[in-house]
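**Student:** Residue strings, one per chain:
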Amino acid sequence: MDLAMSPQSPLWRRGFDRLERMIGEPLEVVAHSDAFFEGIARARRTQEALEGLAEGLSRRSLHLFGVPSRSEIRHLREQLAHVERQLRAISKQLEAQASQPPTTARERSGASEQAERPSARQPHQSDGSSAPRATPREPASPPPTRSEG
Amino acid sequence: MAPTLRPVDLLARLERDVEHNALRMRNGISYVAGTHRPQLGRSPKDVVWRRDKAELWHYRCSRIRYSPPLMLVHSLVSRSYIMDLLPGNSMVEFLCSAGFDVFMLDWGIADELDAENTLETYVDEYLPLAVDAARAESGSDELTLDGYCLGGVLALLYAASHQDAPIRTLIVMATPVDWDHMGPLAAAFREGRLGTGDIVDESGNVSPDVIYNGFRTISPTGQLVQYANLWEHLWDDEYMQGYQAMGQWTRDHVPFPGAAFEQMVQRLIRENALMRGTMRLGGRPVDLADVRVPLLNVMAERDTIVPLRAAEPLTAKVGGEADELRLPAGHVAFAAGRLATKLTLPRLADWLAAHSLACTGKKR
Numbered sequence: 001m002d003l004a005m006s007p008q009s010p011l012w013r014r015g016f017d018r019l020e021r022m023i024g025e026p027l028e029v030v031a032h033s034d035a036f037f038e039g040i041a042r043a044r045r046t047q048e049a050l051e052g053l054a055e056g057l058s059r060r061s062l063h064l065f066g067v068p069s070r071s072e073i074r075h076l077r078e079q080l081a082h083v084e085r086q087l088r089a090i091s092k093q094l095e096a097q098a099s100q101p102p103t104t105a106r107e108r109s110g111a112s113e114q115a116e117r118p119s120a121r122q123p124h125q126s127d128g129s130s131a132p133r134a135t136p137r138e139p140a141s142p143p144p145t146r147s148e149g
Numbered sequence: 001m002a003p004t005l006r007p008v009d010l011l012a013r014l015e016r017d018v019e020h021n022a023l024r025m026r027n028g029i030s031y032v033a034g035t036h037r038p039q040l041g042r043s044p045k046d047v048v049w050r051r052d053k054a055e056l057w058h059y060r061c062s063r064i065r066y067s068p069p070l071m072l073v074h075s076l077v078s079r080s081y082i083m084d085l086l087p088g089n090s091m092v093e094f095l096c097s098a099g100f101d102v103f104m105l106d107w108g109i110a111d112e113l114d115a116e117n118t119l120e121t122y123v124d125e126y127l128p129l130a131v132d133a134a135r136a137e138s139g140s141d142e143l144t145l146d147g148y149c150l151g152g153v154l155a156l157l158y159a160a161s162h163q164d165a166p167i168r169t170l171i172v173m174a175t176p177v178d179w180d181h182m183g184p185l186a187a188a189f190r191e192g193r194l195g196t197g198d199i200v201d202e203s204g205n206v207s208p209d210v211i212y213n214g215f216r217t218i219s220p221t222g223q224l225v226q227y228a229n230l231w232e233h234l235w236d237d238e239y240m241q242g243y244q245a246m247g248q249w250t251r252d253h254v255p256f257p258g259a260a261f262e263q264m265v266q267r268l269i270r271e272n273a274l275m276r277g278t279m280r281l282g283g284r285p286v287d288l289a290d291v292r293v294p295l296l297n298v299m300a301e302r303d304t305i306v307p308l309r310a311a312e313p314l315t316a317k318v319g320g321e322a323d324e325l326r327l328p329a330g331h332v333a334f335a336a337g338r339l340a341t342k343l344t345l346p347r348l349a350d351w352l353a354a355h356s357l358a359c360t361g362k363k364r
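The listed protein sequences correspond, in order, to chains A and B. Position 85 of the first sequence, counting from 1, maps to 85 under this note's numbering, and the rest follow consecutively. Position 48 of the second sequence, counting from 1, maps to 48 under this note's numbering, and the rest follow consecutively.
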């Protein structure tokens with residue numbers, strides 16, 4: 001009991017803190033070591049390999065019952081995400097176009113001449129990074145509208 | 001040697017311990033049963049802008065005394081309700097009552113669809129649009145940006161790479177710029193012991209579990225210490241409410257979009273590009289020296305996630321006036337907890353007020 005101890009911290013707590021440091025410090029050394037992170041990477045790769053093996057074994061039996069395997073569902077989800085991303089990009093381009101003021105045929109022809117020149121404000125992506133998506137401020141490449149033509 | 005106690009003092013302490021144990025039992029039961037979980041992030045607000053999963057929230061601050069409005073920019077890996085934890089323990093509530101018009105940019109919860117979101121997506125697309133939306137909503141020409149952790153990095157990149165950005169002042173809290181001092185986890189990526197392929201899952205993102213466990217490796221016995229704190233203060237209703245709220249937040253991470261994560265590892269961790277001045281975004285160079293608006297760099301001395309040495313070089317790196325606020329605390333003392341209410345937020349509000357214009361009793 002903490003009856004005779006300092007009012008700030010009970011006896012059990014001071015004992016706990018001492019014990020925690022005794023255990024915690026060596027654990028921190030281990031958890032921050034090269035071997036620990038290499039172990040995590042290795043465990044992750046092993047887990048993936050085992051999952052792949054299990055998947056290969058279970059796929060055929062799942063197909064017998066007309067059930068898709070995990071990797072097939074994952075593949076479908078990836079495809080769906082890809083399609084949704086494309087839809088997202090197209091809707092942003094349309095939105096950007098809709099927010100631009102209507103232009104005359106002469107301005108459009110001037111704009112198309114300018115578009116052929118390299119832009120000073122939006123440099124070419126030279127570092128291999130992904131280009132920012134089209135924004136209402138600077139649409140990357142406005143698609144042709146139905147009204148044109 | 002322990003001081004001796006008089007019988008009357010001994011009796012008083014016994015009585016207190018009995019009372020505390022009774023309260024411990026009551027609070028312990030409700031904690032385990034989960035019957036008194038606090039409601040988090042409940043300050044009244046309106047969604048004023050939305051794009052993909054990002055949303056801009058405008059809090060209903062009743063009496064706005066300062067201009068321009070303040071826009072909080074949250075991190076990509078955690079939930080933004082840390083800025084609005086509980087009534088009486090909320091950064092948003094404090095700033096509202098201090099007379100500021102507060103917005104929050106929340107990135108939402110990323111999924112497969114957001115796996116290809118890059119830093120450019122956030123800095124060049126979402127942030128400029130959210131800033132425009134906040135200006136339109138508030139009727140102000142400019143804003144103060146306040147970024148927390150990785151949100152601070154995004155705010156810095158935006159301020160540095162958009163010279164025409166309508167920012168009056170910039171606040172960054174627990175924001176790393178020198179990634180060479182970001183601790184053992186960053187070192188593992190830097191030295192190639194961990195690759196992004198080891199971390200990014202099949203959805204293309206870094207899963208919240210990986211983020212949570214990554215933070216746990218910083219202090220492996222941290223959870224035990226939390227349980228000891230819980231037992232020590234289990235009798236205290238106010239402490240319990242804060243403990244449950246913080247506990248929920250620390251376990252509540254969101255997926256980190258894989259493409260942005262790869263950029264973070266390559267450019268920020270491996271190249272330490274912010275420090276070396278070699279950062280590029282969308283193909284153009286980004287230099288912190290181009291941040292010319294007044295800046296407040298808020299750092300915590302006991303922060304184990306963003307150590308002081310990772311955050312403090314920013315003050316000298318920016319090209320404009322820069323002030324520092326150092327707190328004797330950890331990573332979350334910026335926005336929540338007793339220290340935040342007593343020390344961080346009053347000083348933050350003072351700095352903001354000194355860099356703002358007075359409004360004439362504007363009401364919403």
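Watch out, some of these pointers could steer you wrong.
Computed, partial: chain A to chain B, Cβ under 10 angstroms [claimed, not checked]: (1) D17; (2) E72; (3) R85.
Straight-line alpha carbon distances no greater than 16 angstroms define the calculated EDC-like cross-link-like pairs of lysine to aspartate or glutamate that follow [to be verified]: (4) K53(B) - E116(B); (5) K317(B) - D350(B); (6) K92(A) - D290(B); (7) K53(B) - D17(A).
FYI, nobody ran anything at the bench for these hints, they're computed from the structure. Heads up, the beta-carbon is just placed ideally off N, CA and C, and yes, glycines get one too.
**Student:** Against the earlier hints, flag every one the structure doesn't satisfy and list their numbers going up.
**Tutor:** 2, 5, 6, 7
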